[in-house]
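**Q** Letter by letter, the chains look like this.
2 protein chains.
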Amino acid sequence: MPDPLSLSVRDAAREIAAGRLSAEAFATACLDRIAAREPIVGAWHYLDRDAALAAARARDAEAPRGPLHGIPIAVKDLIDTADMPTGYGSPIYEGHRPAADAACVALARAAGAVVLGKTVTTEFACFTAGKTANPHNPAHTPGGSSSGSAAAVADGMVPLAFGSQTAGSTIRPAAYCGCVGYKPSFGMVPRAGVKALADSLDTIGIMARTVGDIMLFHAAIMAIPYVAPAMPETAPRLGLCRGPHWEEAEPEGRAALDSAAERLAGAGAVVRETRLPPECAAGDKHQQVLGSFEGLRNHMPELYRHEALLSARLRDEKIARGRQLTLAAFRAACRGAEAARAAAQQWVSEFDAILTLPAPGQAPRGLADTGSAVFNALWTQLYMPCLTLPAGRSPDGLPLGVQLVARRHADERLLQVALWVEDRLGQGGSS
Amino acid sequence: MPDPLSLSVRDAAREIAAGRLSAEAFATACLDRIAAREPIVGAWHYLDRDAALAAARARDAEAPRGPLHGIPIAVKDLIDTADMPTGYGSPIYEGHRPAADAACVALARAAGAVVLGKTVTTEFACFTAGKTANPHNPAHTPGGSSSGSAAAVADGMVPLAFGSQTAGSTIRPAAYCGCVGYKPSFGMVPRAGVKALADSLDTIGIMARTVGDIMLFHAAIMAIPYVAPAMPETAPRLGLCRGPHWEEAEPEGRAALDSAAERLAGAGAVVRETRLPPECAAGDKHQQVLGSFEGLRNHMPELYRHEALLSARLRDEKIARGRQLTLAAFRAACRGAEAARAAAQQWVSEFDAILTLPAPGQAPRGLADTGSAVFNALWTQLYMPCLTLPAGRSPDGLPLGVQLVARRHADERLLQVALWVEDRLGQGGSS
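Residue numbers (the numbering used here), protein chains in the order written: chain X, 1 to 431; chain A, 432 to 862.
What the hints contain is simulated information worked out from the structure, not anything from laboratory work.
Any given hint could turn out to be false.
[Claimed, not checked] On the chain A side, residues computed to face chain X include the following (Cβ under 7 Å):
{"#": "1", "residue": "A530"}
{"#": "2", "residue": "D532"}
{"#": "3", "residue": "R540"}
{"#": "4", "residue": "P621"}
{"#": "5", "residue": "R622"}
{"#": "6", "residue": "S631"}
{"#": "7", "residue": "R762"}
Every residue gets a Cβ at the ideal spot worked out from N, C-alpha and C, and that includes glycine.
When you get a sec, could you build the whole thing from the sequences and use the hints?
**A** Structure below.
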């Protein structure tokens, strides 16, 4: 029987379908890895070994349901599961049992996935970190808010995981932990059953070890036909965009982007420096206004009944900001964001993808703070698909990533470009 | 003590704040009306008289929290309540107890509202009707999906109610029952805790007996300052739009619109016939594609675990349609809908509001079908604020309405125009 953790998800699913690998064996391998590493990594908020194995055995006892049949996945604890508690990273909901799976979880299960357990999220996917450490150095943050999902995938505990992103909550932790993180175009993956932060920004994200695995996972949860990825025959046109926050990038981040651009150009990509259109200048601010205005209102159920159980930081930063915002400010941000989207869509169309940083640099030291979203908030607000993939290591030995961004709804093109970039940079980014 | 059901919400709140009226007396008056009429109307899915009175007494025992202090409201049973079961109109969720209030419910409660109970919704706000009858003639539908909310407000059981709209689920039942229904601009009222049908369409709606009450309710649930309405000094410019479905309008509906246009022009409004821009021609189709593509995926939790408990109509119509749609069709609808929004926004800006039908005519006979959304789906998809208000009676004595629509985010202007129109048509539409 092959080692399931060494296989692509597609190959593992094929082995399972052929009866050469069992879902139980795959789940066991993941659970063993988790047992060995969880005391250091702390990726899981909820895990029931027996229940996970029972679910795997149930898949072994039936005909394949879909492309994820028997594949273990992790679900960020911001996302409802009918058979596991869902705490949203807050003591208010500790032990809460949702009545239903989130739509994305049901879609994954309908495709045959085995939900192993729930991974750590920051409090309501905001600032306050959970227990998770970076698997490459536990003194460093894994990033957030999808901390546990990124750490679990990067540490080889599970091949696929759900995250979410309202500012940078999928891309940043994936980059910090050294896995592939993908935030689809806004409006693609249904959000039913995911704790809402901001209706106009919240997006389901996914994580995997490779771009190929992302492609399969994405097709499965969108319930669309999966087309096995073919390496693009021509090299992509990439727009190298340092973005408005280049000053805030760390030396190792800058070096990673420049080195990747050079290597990709050397491999034949057309790499041209490009600047965001002027309509995007206030993009971060719009993201923050939308997030705070909607966030205050979405947090009202907790504010009304459980205010004392909210972290001081959530109350003093996001909620306080939300209280100061007028309806006029919210509307101006809606309009500004829309104008930015239209201009950026035009701009990005000149390229197959934008090449930019997923985070300022390596994962910062310390677990209290999950790092800065300055390299993410704008792209989220622009509704564009974003993908981060590994691009080497920092001098401290921590993962560094590069981010690819394409125009909204050009997700397939983005994934094709990412496949090419991954191939040229080498898996792990260190060819 | 004044009769609370004869007061505007603003005046009732003022009486309560001044100690001349108690929240308990207001709730009692509503509960008595419900006790007398519920056997005929069937508006309520859940109602606990003692709990409602206890909530009212708790408001009486404290200082006013906000503009709705002590005001009874109804909540469509598609919307979560932490202290009342929430069944989404489906046997799958009968008796389900959500862990939290929906954001809009918490916002209303934070403003002091007393939630009396849960009103009947069709199955998942789709086709299959509940038990509610039209309060003006119980042989006729109240419309749907917000059937109970519209019937309860129109019948004087409660002054305010929450609904929702994905195609026509607020405007149509309000028109059929003869109350004021308002669907704010898309993206205004947070949807957290409302059973999702389609992320790109779902909108919280509200119902009341008058435009003034709508204004107060809306400000309270948006947590924005309430400005007491002043009658506009100048008459509005109205675009009379018969829309692409005029052929499907019933004679009494056509007569109501023409008569309203005439009376408003006679009162000084500039009324000019206008046609939708060509970009809106496929607007209904886009709405249906978005609703079906997203709907299939949002229903996956029920399909996966409880398929046999879904109605045949939901499975055979909406879900079957969703299964036939490709990702390319979904994206084409996203793009088409966006283009229609941009063109319509431009077009509507020539007017203070569009004047059109809220439904083909009077409420159809029979309770199995809640009527047609052909006069609603386009406006929902255009993200524009819509308001229906009474405009007289049909020869059968059933209410007829007219609908006002304004450009997205011009909600205050729409409400001001509606105040003027209501004044000129007379409350109840029969001046």
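**Q** So, for every hint listed, does it hold in this structure?
**A** Now for the hints, and whether the structure bears them out:
no., hint, in the structure
1, A530, "holds (5 Å)"
2, D532, "holds (5 Å)"
3, R540, "holds (6 Å)"
4, P621, "holds (4 Å)"
5, R622, "holds (6 Å)"
6, S631, "holds (6 Å)"
7, R762, "holds (5 Å)"
Checked against the numbered hints given earlier, the structure satisfies every one of them.
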